[in-house]
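Asker: Here is what each chain is made of, one letter per residue.
4 protein chains.
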Amino acid sequence: MSHNSFGHLFRVTTWGESHGPALGCVVDGCPPGLRLDSGMIQAFLDLRRPGTSRFVTQRQEPDQVRILSGIFEDDRIRARFGGAVTTGTPISLMIENVDQRSKDYSEIRDRYRPGHADQTYDAKYGLRDYRGGGRSSARETAARVAAGAVARQILGEGITLRGAVVQIGPHMVDPENWDWEETARNPFWCPDANMAKSWETYLDETRKAGSSAGAIVEVHATGVPAGWGAPIYGKLDSELASAMMSINAAKGVEIGAGFAAAGFSGEENADEMRMQGDQLAFLSNNNGGVAGGISTGQDIVVRLAIKPTSSILTETKSVTSTGENVDIRTKGRHDPCVGIRAVPVAEAMLACVLADAKLRHRGQTGS
Amino acid sequence: MSHNSFGHLFRVTTWGESHGPALGCVVDGCPPGLRLDSGMIQAFLDLRRPGTSRFVTQRQEPDQVRILSGIFEDDRIRARFGGAVTTGTPISLMIENVDQRSKDYSEIRDRYRPGHADQTYDAKYGLRDYRGGGRSSARETAARVAAGAVARQILGEGITLRGAVVQIGPHMVDPENWDWEETARNPFWCPDANMAKSWETYLDETRKAGSSAGAIVEVHATGVPAGWGAPIYGKLDSELASAMMSINAAKGVEIGAGFAAAGFSGEENADEMRMQGDQLAFLSNNNGGVAGGISTGQDIVVRLAIKPTSSILTETKSVTSTGENVDIRTKGRHDPCVGIRAVPVAEAMLACVLADAKLRHRGQTGS
Amino acid sequence: MSHNSFGHLFRVTTWGESHGPALGCVVDGCPPGLRLDSGMIQAFLDLRRPGTSRFVTQRQEPDQVRILSGIFEDDRIRARFGGAVTTGTPISLMIENVDQRSKDYSEIRDRYRPGHADQTYDAKYGLRDYRGGGRSSARETAARVAAGAVARQILGEGITLRGAVVQIGPHMVDPENWDWEETARNPFWCPDANMAKSWETYLDETRKAGSSAGAIVEVHATGVPAGWGAPIYGKLDSELASAMMSINAAKGVEIGAGFAAAGFSGEENADEMRMQGDQLAFLSNNNGGVAGGISTGQDIVVRLAIKPTSSILTETKSVTSTGENVDIRTKGRHDPCVGIRAVPVAEAMLACVLADAKLRHRGQTGS
Amino acid sequence: MSHNSFGHLFRVTTWGESHGPALGCVVDGCPPGLRLDSGMIQAFLDLRRPGTSRFVTQRQEPDQVRILSGIFEDDRIRARFGGAVTTGTPISLMIENVDQRSKDYSEIRDRYRPGHADQTYDAKYGLRDYRGGGRSSARETAARVAAGAVARQILGEGITLRGAVVQIGPHMVDPENWDWEETARNPFWCPDANMAKSWETYLDETRKAGSSAGAIVEVHATGVPAGWGAPIYGKLDSELASAMMSINAAKGVEIGAGFAAAGFSGEENADEMRMQGDQLAFLSNNNGGVAGGISTGQDIVVRLAIKPTSSILTETKSVTSTGENVDIRTKGRHDPCVGIRAVPVAEAMLACVLADAKLRHRGQTGS
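As given, the protein sequences belong to chains B, A, C and D, one line each in that order. Using the numbering used here, read the first sequence as starting at -19 and increasing by one per residue. Using the numbering used here, read the second sequence as starting at -19 and increasing by one per residue. Using the numbering used here, read the third sequence as starting at -19 and increasing by one per residue. Using the numbering used here, read the fourth sequence as starting at -19 and increasing by one per residue.
Take the hints with a grain of salt, since some may be wrong.
Identical copies go unnamed one by one, so any copy, or any two together, can satisfy a pair.
[What the hints assert, rightly or not] Straight-line C-alpha distance at most 20 Å; calculated EDC-like pairs for lysine to aspartate or glutamate: (1) K188 / E162; (2) K311 / E248; (3) K188 / E248; (4) K297 / E252; (5) K83 / D184; (6) K297 / D102; (7) K311 / D17; (8) K177 / E162; (9) K83 / E162; (10) K311 / E41; (11) K311 / D26; (12) K188 / D159; (13) K311 / D279.
Derived from the structure by calculation, the hints contain no laboratory data.
Using the sequences and the hints given, assemble the complete structure.
Answerer: Okay, structure coming up:
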């Protein structure tokens, strides 16, 4: 029910604003006895951190995480597990905001930036924390990434999560060139080395023009056993759709073939099956690893559309909260393409949804 | 938490299998004093009913709804409201299954039909009701449509919900030809009279070939005030994504410009604003009526991709539950394009999500 | 969130009014592969059924349950399990109301019966179904008993649930005389044969005087392993308190020594431990089988206070919905002591809470 | 679902252990535009703070709260509201632990202290943070008190919450002597000046003997309108029972006459009604302000039984986690009667439950 929580047995509640003293989350329902320390979380936060290339915001945030509760160690636990472990009680994670530049907000406090949540927060709440977008800022996604690191411990080493950007602006990667290892070699999470070069040029131009670009992010989970997720309203794809659509600037989610499936015939779309030894194998994965809301055992494949960063230097028509027409340009430190930093966020959401599905499945069926 | 429920303050729990004695739902949290009788629900069920054209399943189901609880009338209530009204207590709705043909299921009980949930239900539960797909059958969506009729009473007359099919197979409607009134004049909910004729030909061929076609459905809500929905994990678009993705055969959901936004520049995507008299007006609706997870006051626009009906007459490669390769053809009475009957279902889900958002917004803010 | 649901992984939603066509519940989250048929549920309903002695209401209700969904059987399942089994999908249970006497309600529709929910339903909803109390009638508890029968299948044979009435009016059973087998030999669930005779006299007088009596009910669960329940707000005793307090006419709940513990010293209250062979054994059970919100492995012991039936023949002072003073006598068929029929209801709630705790514990910890 | 959260529209999630760096809570769903600053919360924390008299633990904790998110102020907000206000987004509250004495825990890490959650945490989780009881410590209740201060802002000035201790050990206050103002004049929240003196003597003896005492706490809410709470499983008394039973050491909860109602006749128990001018007035309050799960408009009256502090100096029989008999004495800084500091905690839980009920009622009914 809670607006700022998601998940059921594995449940994450986030808090914090862009320019408040800190942000964080409480991760509840984690199984006990899993190795966890701040370094394990920090590794994922560093992948999302701002300021790592010229294609992301230049805001300087170390994004150092502190674990305030929910783990424990003593000499015996270190001997048995190799370090601190979860206790089964809520894990509180906090990240201090460091680079909230003191500045004059008078220009934006009354003006609604198109594409941002300024108008809607005002309409809903009657007031808003306009500093850096307040609660609607993408800084909140740091808390998701931290929670995702905990979720990964639940999933264990048998499940691999990977993410990539597959389109920036009108430029799509070529599936023929797909190489997961490339995603670590360029600042775009691009699995296609050639396309990465084109994006570099494209985004440099975009950045210099004070414009921004949209993107499509794709995340995969390999090793998920058949049987996770539950019909009808707890369908794995339903949970994934909700989780992904909650990411800032997301405007679409698809599973497997997604919208392309609308153009298929039944024959083209059918994921046929054959035995491979004593294992069931699928001959295609149009379903993206989910059928009837339950995992099939194939890779879970999710794509999400991220709209262009709303903050652009070009003047746009807008209005003030008091009903006057204005033209507005959004200055400041912005990602020219927020889709890039959405990759570790989407991976984290995938991890959280799957961890929850694992625990719920185990709860109902015992396996 | 419940797998077969959705919504928060307005909460719907559905039950029933394709070939059980009945199906239905419990609608909880409905405000008191709203007019409701079975005729008001029946009108919407009739729009989704099978057997109404040759382009939908020929299963004969009257889909007559009974209201078993949650409404009341006496002479005074009739005088005051004009008929029975909701009492604020749970509304139990039941639809009996009539046309569950007695037949021999031995052929499918061990064979996994590609695209269906046969394999995944077995993987999850270790057994399944294979008659007509059991719980995974799209007959469950009748309960959603019934619940949606209740939700519409909460939304009231100021909010209009409309739906259309905008693509069948590779054939898309032309936005230039869009006429909402057309959707009632053809069996496809098609808003483009020309395209409706093309679809007729296309689907006749598809049907005769024993094949099936995918589709894209689009639903709109007009009249939703700014301010509904709530960040971060109760975002209106998040709730819509979850609700739509839970519909049988859905593989993708998008809001507003959706995946197309990924190809836009920031300037193209910006929904600029201007005052029209004393009203804020947007110059475009790429956001689909939702920004920061909260309604903007524009039309809510949602599209969902529906994969082709998995049941096809063409032989497809599959396996049995005991690990043998088989070839399988799905006989029986199937929709050549399930996307058509998904329109009233998607409208109903939209109604339910909005009704819940209305009540939650009122709960938190008092307005 | 839903007002008419309880439980988390094992979740029960009830619906229905005293004088509607039927009442029932949807039981969601039940594990698959558990034996279940209507006879297994009926056995428990028959223990709560009205009209079985002169000490309970004379309303004639067969309370025949129908299972509308969620179970399945075929020849193979019968061979493997011995009959129908749960499928893991929602179990819909319905009980038709038979003896809703057609009568004139004009006398009570405007008068607030003291102790009943007439005034509060009007205050909340602005209208109410006054026939037999509508939704506030204890007939709703039939649905709980039906759900409890499902919950017992989850708990399995290793866990025994038992209930007794330990006080009626001012007359308490003598713990020295406690014999569980006596509870089946008298119409009061009384474990003390002597006291059962006193109650017979006492309640005959109460009944003849048109009055009513309160009671205290005690339920035990034996065989619950240590480790169920979860701090802090999902404590097993918290869940039990909520579940028991939701029973009609309940005004108090205590666990173990309960209110008596307030008068104890720390030494008196301590449940000391000693090893018995390789098993931990407690030397007392003041904690009632729960410490820190988690089961200890001892018997779970819960008591609940049930106020006297509010419907009495004596004239009481009241008011009308239009603000006039009236004197009111409640005619009709009422339990002189509703505490008696609360025993199977309290047992059912105990079963449901424990079944949910079992699944949640398994979900989080895997054991 | 979350184990460490409670409430629905107004939802509180707590985190933290006795000897971790900090503890706190996230309060979600708070309406926007309510005045809130740390001083308003601190005032309530100071009432629960340890070390304020010789009858509570001597642990020295300043319990200074920090608000990390969810409030905002600028010059216009200060002019309009007089200070910082809630924004409608989650309010994160943190209290640092200061006095976690560094000490040797080897004595208790393997020994199960009777009455504590040592054995049950081990049984559930397979390991535990034994320092000061870890998550099971009553230090967690500081977070509840902080959340309660937020809840009070939702309830507003028309609703008054008050609490008292009505029994310590076997010594009960005399209702004839009840004076709410006395509760602020003695260290026991005792409304009976004479009894306060007796308790002083009694608790001094208890403390010197290294023993402890149980207590009964009573809390009242005045000014709650009729209509809050909702049948059947969201009953106001059900929610209160759950909330109160979740307080450390609570073993029983009753509403109004509670267990005493079991001994009443229907006539004695009936809360008769009469018009007082144009207002409905009750002639008694055995129902404790709740009928049918909905507030009547009378005072809400709740009592809870608190068992004696489990930590006592007397040697008690116990076992180790490795299955050996031991005798154990709990040294350290303990409350001789935890019931005393339970008063502000119970008041806070009452505030939170009522705030949630207010928002839910408004959500469903609009009033």
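Asker: List, from low to high, the hint numbers that the structure doesn't satisfy.
Answerer: 1, 5, 7, 9, 11, 12 and 13
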